[in-house]
Amino acid sequence: MLPAILASGLAMGSIYAMMGVVYNVMFSASRVMSFTTGQLGMLGGVLGAAFVGILGLPAIVGLVLTLACCALVGIVTEVVAVRPVLDKLDQHLYVLSTLALALMIQQFVAIEWSTEPQPFPQLIGFGGGGPTDEKFWLPVLACAVTVVGLELLFRHTLVGRAFLAISEDNYAARALGLPERRLRMASYALAGMIGGLAGFASGQLLLAFFANGPYLNFYGFVPVALGGLGNNRGAIISGLLLGLVQQAAHFTFGGVFTSVAVFAVFIVALLAAPQGLFGQPKQRRV
Amino acid sequence: MNHTASTPRPAAAPALGHTLLKLIPYAAILAVALVLPFIANDYWVLIATRAAIYWVLVSALNLVVGFAGQLAIGWVALLTLGAYTTSVLTAGTVLPPMPLLVAFAAAAVVGALAGLLVGLPALRLRTFYFAMTTLGFATITTQIALAWQDVTGGGIGIPGPWLPSPFDNALGFYLLCLGLAAVLTWMTANVARSRFGRGLVAIRDAEVAAEVSGISKPALLVAVFLFSGAAAGVAGGLFATLQSYISPEAFTFDLSVLFFIAILIGGRGSILGPLIATIVLTWLPEFAAPLVVWSTFLYALLLLVIVLAVPGGIAAMLDFGSRRPLARDRAVVPREELLGALFTERPASSAIVLKDVVLSFGAVRAIDGLDLTIDPGEVHGLIGPNGSGKTTTLNVICGFYKPDTGTVRVGDDVLKPGEPQHRAEVGIARTFQTPRLIGESTVLENVMVGGDTSGRATFAEALLNLPRNHADEVMLRERADLALRIVGLEALAGVRADRLQHSELRFMEIARALMLQPRFLLLDEPAAGLSGDEIARLGSLIESVSRHGVGVLLVEHHADLIFKICHHVTVLDLGRVLADGTPDEVRTHEDVVSAYLGG
Chain Y
1 MLPAILASGL AMGSIYAMMG VVYNVMFSAS RVMSFTTGQL GMLGGVLGAA FVGILGLPAI
61 VGLVLTLACC ALVGIVTEVV AVRPVLDKLD QHLYVLSTLA LALMIQQFVA IEWSTEPQPF
121 PQLIGFGGGG PTDEKFWLPV LACAVTVVGL ELLFRHTLVG RAFLAISEDN YAARALGLPE
181 RRLRMASYAL AGMIGGLAGF ASGQLLLAFF ANGPYLNFYG FVPVALGGLG NNRGAIISGL
241 LLGLVQQAAH FTFGGVFTSV AVFAVFIVAL LAAPQGLFGQ PKQRRV
Chain S
1 MNHTASTPRP AAAPALGHTL LKLIPYAAIL AVALVLPFIA NDYWVLIATR AAIYWVLVSA
61 LNLVVGFAGQ LAIGWVALLT LGAYTTSVLT AGTVLPPMPL LVAFAAAAVV GALAGLLVGL
121 PALRLRTFYF AMTTLGFATI TTQIALAWQD VTGGGIGIPG PWLPSPFDNA LGFYLLCLGL
181 AAVLTWMTAN VARSRFGRGL VAIRDAEVAA EVSGISKPAL LVAVFLFSGA AAGVAGGLFA
241 TLQSYISPEA FTFDLSVLFF IAILIGGRGS ILGPLIATIV LTWLPEFAAP LVVWSTFLYA
301 LLLLVIVLAV PGGIAAMLDF GSRRPLARDR AVVPREELLG ALFTERPASS AIVLKDVVLS
361 FGAVRAIDGL DLTIDPGEVH GLIGPNGSGK TTTLNVICGF YKPDTGTVRV GDDVLKPGEP
421 QHRAEVGIAR TFQTPRLIGE STVLENVMVG GDTSGRATFA EALLNLPRNH ADEVMLRERA
481 DLALRIVGLE ALAGVRADRL QHSELRFMEI ARALMLQPRF LLLDEPAAGL SGDEIARLGS
541 LIESVSRHGV GVLLVEHHAD LIFKICHHVT VLDLGRVLAD GTPDEVRTHE DVVSAYLGG
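The listed protein sequences correspond, in order, to chains Y and S. When the letters of the first sequence are read in order and numbered with the working numbering, they come out as residues 1 to 286. When the letters of the second sequence are read in order and numbered with the working numbering, they come out as residues 1 to 599.
One should not assume that every hint holds.
Said to hold, decoys possible - Under the rule of at most 35 angstroms between Cα atoms (straight-line distance), these lysine-lysine pairs were calculated in the DSBU-like manner:
| no. | chain 1 | residue 1 | chain 2 | residue 2 |
| --- | --- | --- | --- | --- |
| 1 | S | 355 | S | 402 |
| 2 | S | 402 | S | 564 |
| 3 | Y | 88 | S | 217 |
| 4 | S | 416 | S | 564 |
| 5 | S | 402 | Y | 88 |
| 6 | Y | 88 | S | 22 |
| 7 | S | 416 | S | 355 |
| 8 | S | 564 | S | 355 |
| 9 | S | 22 | S | 217 |
Since the hints were derived computationally from the structure, they do not count as laboratory data.
Work out the full structure, taking the sequences as your base and the hints as a guide.
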């Protein structure tokens, strides 16, 4: 049983971790938590199934097209639901605008795609359902690619440093002449691609299902909440742990108790450390 | 000063005609609803029944979302719980079958407890975090309903409760739901008009001001979560009756979206707006068959449009009064002679004493060993360059900051650090450097918030508008009326606060502070942004307040004002006392002149 727990735990954990990173990338660029995060993961699965499974395109072409579409959805999120409410951040209108957009995406997929979970084609050819099945290690691979890619981007490119500058101090970055708006749009495109990649890589595990969005929203948010907003390392560690714990509980006690346990742990952890386990100072109120 | 000016006029009773005018839309909706069964077919009655059941839930949820501003997006979970509770209890599959009333009462209790459970995280978590926890709760409730097959029938479901005659037919059941909806409308309207309703909106829009006014956010939120959970539980029972057979599929997240969006489209802080929105959203998909599939998409689109274009929702569109232009050349003329009517007894004569207070932010010592005494009946000026710790001192006194060492006392009582909501009880009121207004409420309501601690009625009494609640309202209204006349804003009492000019907001904050009939009044740069005339009037108002035994702490940059009205001045620099004494002593103090006043 241990290999099965490890395989599916790491796979699910990788997905949660990536969704957490999607939240963080958007948050760093705009101080906004977006409900479209889960929808990006859902779209990755649905678009992948459409391109590769139905249109029969080669996996790599399907992946590129999926990422392009998800990047576009990311940009649309920024333009439609984030930019107009950015100057009223304190009213938290973004919660509503991104929720509205997320629902529209979800309903559109439900109507135009299907309300039933659809199969996702095998991409490489490692099947069998055992721990070596590609459906388990593709998400882990995608997560590793994301981590390495982000590390390279942030540490070794000028654009990446500009990202960091913006997330560190928006006003200072703008004062330095950084193109804040373009960088924000690029961040949303990047977030879209990471979300799409997570969905594409986990397609065989989660299936191409329109209702995956809220699920991914919630389970992707848990690592962010535990790891601390904007903290990618925290999100990835917490995400992987969440997946392992959840799957261990799933194999030992069964599905429902797992969800309840995750929810309970989430609430308790949040109440105990609202700023995440990695902490952030409280802001001045008066 | 002539006699008539010093006796307060009786508070203007809310004009009866005005109240009736406000009731017209509700009466019209009720009339249409009552006539409907006789002019339309059963199908329309069914839709109207559904709208009524939704409204039972939405009206109470409105207090959570619309008034308190808590983004509870997963409220369908409580509908689910109520539906299963009534169905299971009346069917007798788990326990012996129970009478219908008991089952519905149980649903209300289960709903209330679940509402509390879902709601409690709101005390610590904000906005998106809280929205996520309610979303998670909704997801899990559905999963449990699917998995707990012995009780819920799993995916197959169970039959809903059957109501006895005369509610066993479509008409009877409709009238029952309509009646409940009307009762819930009345109850939530009672709360909305009470100090609890104002407190909820204050928590939403000006939480810091609410705390300073002594409003307890936890107590208030617990009350509304219990109430709206109970209402959702009952609505769930009705919903199960209407469906006659329930399975987890009946409780899609779309329903939650409908509830939540109806409130926001209707407009936060309104009851009529969400009522209209609930009816329209329930009816919209029936308008044309193809829309059924797209209904949730349309709701979401509507929400997006509302958020981006009309943040006030339907209520703002219907608020014609706020579009009428205000008089251009209005001047705030305080009438301090009325203060005698507000301070009917002289406050107890003990001082606020700060002893050896130290507060560091990281490596910065914002306050570095401060001793300060604010005597009753005196105006105490606190001046110093920016960053010298003036506002920080105020925040320590008000309990927003916990000092590292040192104490704040009033008389013999040590004020507990970090508990701003308990300062009002001691009689400490304050204003803010940036006015903390509740923009969507009227000036009168903003001011009434300041007197919250004088209210005696409980939340339950407010729900039913029992005599004590009524007495509270009359008392608070009279006092707010008086406070507004004292600061000279009575002409603007009915105007939305966000339409006021900056200087008027400063005086409104003072009126709100006066509502407490305070022993101490802490003013944080009250003259900032005021014209010369206004500063003069403000100064004389502050002097009068102190003559009634109130200890005033005045943080200001206007040196003229400070030296004119203060009995005692303390100069801070880098968190330490640079000079302390009478205005004349301080004005000539060498260090002060070189460090601060210049010359």
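Hints, verified against the model:
no.	hint	result
1	355/S <-> 402/S	holds (14 angstroms)
2	402/S <-> 564/S	holds (33 angstroms)
3	88/Y <-> 217/S	holds (24 angstroms)
4	416/S <-> 564/S	holds (34 angstroms)
5	402/S <-> 88/Y	holds (30 angstroms)
6	88/Y <-> 22/S	holds (31 angstroms)
7	416/S <-> 355/S	holds (14 angstroms)
8	564/S <-> 355/S	holds (27 angstroms)
9	22/S <-> 217/S	holds (29 angstroms)
Comparing the model with each numbered hint stated earlier shows that all of them hold.
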